[in-house]
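Quick note, the sequence shown lines up with residues 269 to 633 if you use the working numbering.
Do not rely on the hints blindly, as some may be mistaken.
Below 25 angstroms or equal to it, Euclidean Cα-Cα: the simulated DSS-like pairs (lysine-lysine) are [to be verified]:
#1 623 / 610
#2 393 / 290
#3 522 / 393
#4 492 / 429
#5 525 / 393
#6 393 / 532
#7 278 / 506
#8 525 / 595
#9 290 / 506
#10 393 / 432
#11 595 / 427
#12 532 / 610
Treat the hints as calculated values from the structure; they're not laboratory data. The structure presented is a predicted model; accordingly, all values stated were derived computationally and were not measured.
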Amino acid sequence: MGKIEIRLAKESDNSEITNLSKRCLQEGIITLFINRSPKFNSLHRILDSEAWHYVACSDDRIVGLVGVIHFNARVAGTDMKVGYMLDLRLDHNYRRGTTAFRLVRAAVDHIHKSGVKLVIVNFLKDNRQPLVFTSGRAGLPQSFHMGDNNVFNILPLFKMKLNKRFTIEVPSESDIPEIVSLYRSYAGRYDIAPVITEDHFRRITSTVDGLSLNNFIVAKEDGKIKAVTAAWDEHTYKSYQVVRLNTTIKVVTKSLKFLSLFMKTPRHIRLNEPLRQLSLVYYAHDGTPEALDTLFRHVNNSHRGGNYTLIMYYAPQSDPMFRYMKKFTGVAVKSEMHLFAKDPAFYDLLKKGEKGALFDLSMLL
Numbered sequence: 269m270g271k272i273e274i275r276l277a278k279e280s281d282n283s284e285i286t287n288l289s290k291r292c293l294q295e296g297i298i299t300l301f302i303n304r305s306p307k308f309n310s311l312h313r314i315l316d317s318e319a320w321h322y323v324a325c326s327d328d329r330i331v332g333l334v335g336v337i338h339f340n341a342r343v344a345g346t347d348m349k350v351g352y353m354l355d356l357r358l359d360h361n362y363r364r365g366t367t368a369f370r371l372v373r374a375a376v377d378h379i380h381k382s383g384v385k386l387v388i389v390n391f392l393k394d395n396r397q398p399l400v401f402t403s404g405r406a407g408l409p410q411s412f413h414m415g416d417n418n419v420f421n422i423l424p425l426f427k428m429k430l431n432k433r434f435t436i437e438v439p440s441e442s443d444i445p446e447i448v449s450l451y452r453s454y455a456g457r458y459d460i461a462p463v464i465t466e467d468h469f470r471r472i473t474s475t476v477d478g479l480s481l482n483n484f485i486v487a488k489e490d491g492k493i494k495a496v497t498a499a500w501d502e503h504t505y506k507s508y509q510v511v512r513l514n515t516t517i518k519v520v521t522k523s524l525k526f527l528s529l530f531m532k533t534p535r536h537i538r539l540n541e542p543l544r545q546l547s548l549v550y551y552a553h554d555g556t557p558e559a560l561d562t563l564f565r566h567v568n569n570s571h572r573g574g575n576y577t578l579i580m581y582y583a584p585q586s587d588p589m590f591r592y593m594k595k596f597t598g599v600a601v602k603s604e605m606h607l608f609a610k611d612p613a614f615y616d617l618l619k620k621g622e623k624g625a626l627f628d629l630s631m632l633l
C-alpha cells in the first residue's frame, strides 16, 4: 500500500470512483453496487452547486470516497443550511487502518470551514462499522442519534382499493402555490425538515430528469389538495447494479415468474442488471394520512405488471404512515440517522422535540 493522500475529488476522477463503487458491494438479501451516471456527482451538482466529495488516494488509485450535499432546512424553528454526508466508501484493503478517519475528518473540517453548523448522516441499522464515527473518537465530534428510519420497498403485486373520498390528479401550474404551502405545513411536524419554496420547487421540476410536474400526483377533496407525492425514476443519475441474490430472493423471483403466467407481476430481478425501482419523494399531507395512502395505492396499481420491481418509500420509523404501509406487499430495511453539530447545544434543543428529521430524497442521493 502506498502513501495515502486525502484531497477534493475532481471531474477527472470519475472512472476511478466508478471502479471503487464496483469494489464496494452492499451485501444483503440482494448484493449490489451503486452506479452513478453520467458522472459520480451529476445529480448532486444539479441539486446543490456547492456539493463536493473528498477522495483517499493510494498512488494513482482511489481507495476511499465521501461527499456532502447541502439543504436549506428548518431546524428547531430556525432556518439554516444543513449538510448531508453521503457516498462513504472504502476499499476493503483500507478498512482496518486510519484511512476512514482521515477521510471523514477532512470532510468534517471542510464542513466547519464552510460555515455549515449541522451535518446529517445515515447508516444501515445494525451495521456497526460506521458507528465508530459517531462516538467522538479521533477528534471527530460526538453525534446525536436522531432516530431510526424505514425504507419500505413496495412490491406492486396486488391491486389495492382506493379511497373514493379523494380524486387523484396530475397537478397544474396553478396548483404549485398550494403544493408549496402544503410542504411548509408538513415540515412543521419535524425537528428538521427541508425548506421548499416556490422557487425551489420550480427549479427542481424543471431541471431534474424524471421530476417534472407530470411526475407528481395530488389527492383532492372538495377541490383542496390534501396530499402530494412524486413517483421518481432516478436511473438517469443512479442505479443499483445487482450482483448476487440470496436463496430467499431466488425463490421469490422464480415464484413471480410462475405467477406471471396468470396475473400481473412486477419486473423480475435480473443478475448483472440494474434493480428497477421507483421512489416516492416530495410527499406531504395536510394531516390526512389516508389521502397520501390513496396516492401510494394509486402508484402501486399503476405499476402492476410494469417495468419496475420495487416502489420505495423512506420516512422516520415513527411516521404514522407506516400504519398504512402494513396493507402493502413489501419489505422494510431500517437505517439510523445521526446528527453532527459544531455546537452541541443543538442536541439539547432536539432532545426536547424528538420529532425526527424529514429528508425523503436523501436515501436516493
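Right, here's what the structure says about each hint:
1. 623 / 610: Satisfied, since the Cα-Cα distance of roughly 21 angstroms is no more than 25 angstroms.
2. 393 / 290: holds, 22 angstroms
3. 522 / 393: Violated, at roughly 29 angstroms.
4. 492 / 429: Satisfied, since the Cα-Cα distance of roughly 22 angstroms is no more than 25 angstroms.
5. 525 / 393: violated, 31 angstroms
6. 393 / 532: Violated, because 33 angstroms separates the two Cα atoms, which is more than 25 angstroms.
7. 278 / 506: Roughly 19 angstroms between the alpha carbons, so the hint for residue 278 and residue 506 holds.
8. 525 / 595: The given pair, whose Cα atoms are some 23 angstroms apart, holds under the 25 angstroms limit.
9. 290 / 506: Answer holds: residue 290 to residue 506 is near 13 angstroms, not above 25 angstroms.
10. 393 / 432: Answer violated: residue 393 to residue 432 is near 38 angstroms, above 25 angstroms.
11. 595 / 427: holds, 11 angstroms
12. 532 / 610: violated, 52 angstroms
Hint compliance for this structure: hints 3, 5, 6, 10, 12 are broken, all remaining hints hold.
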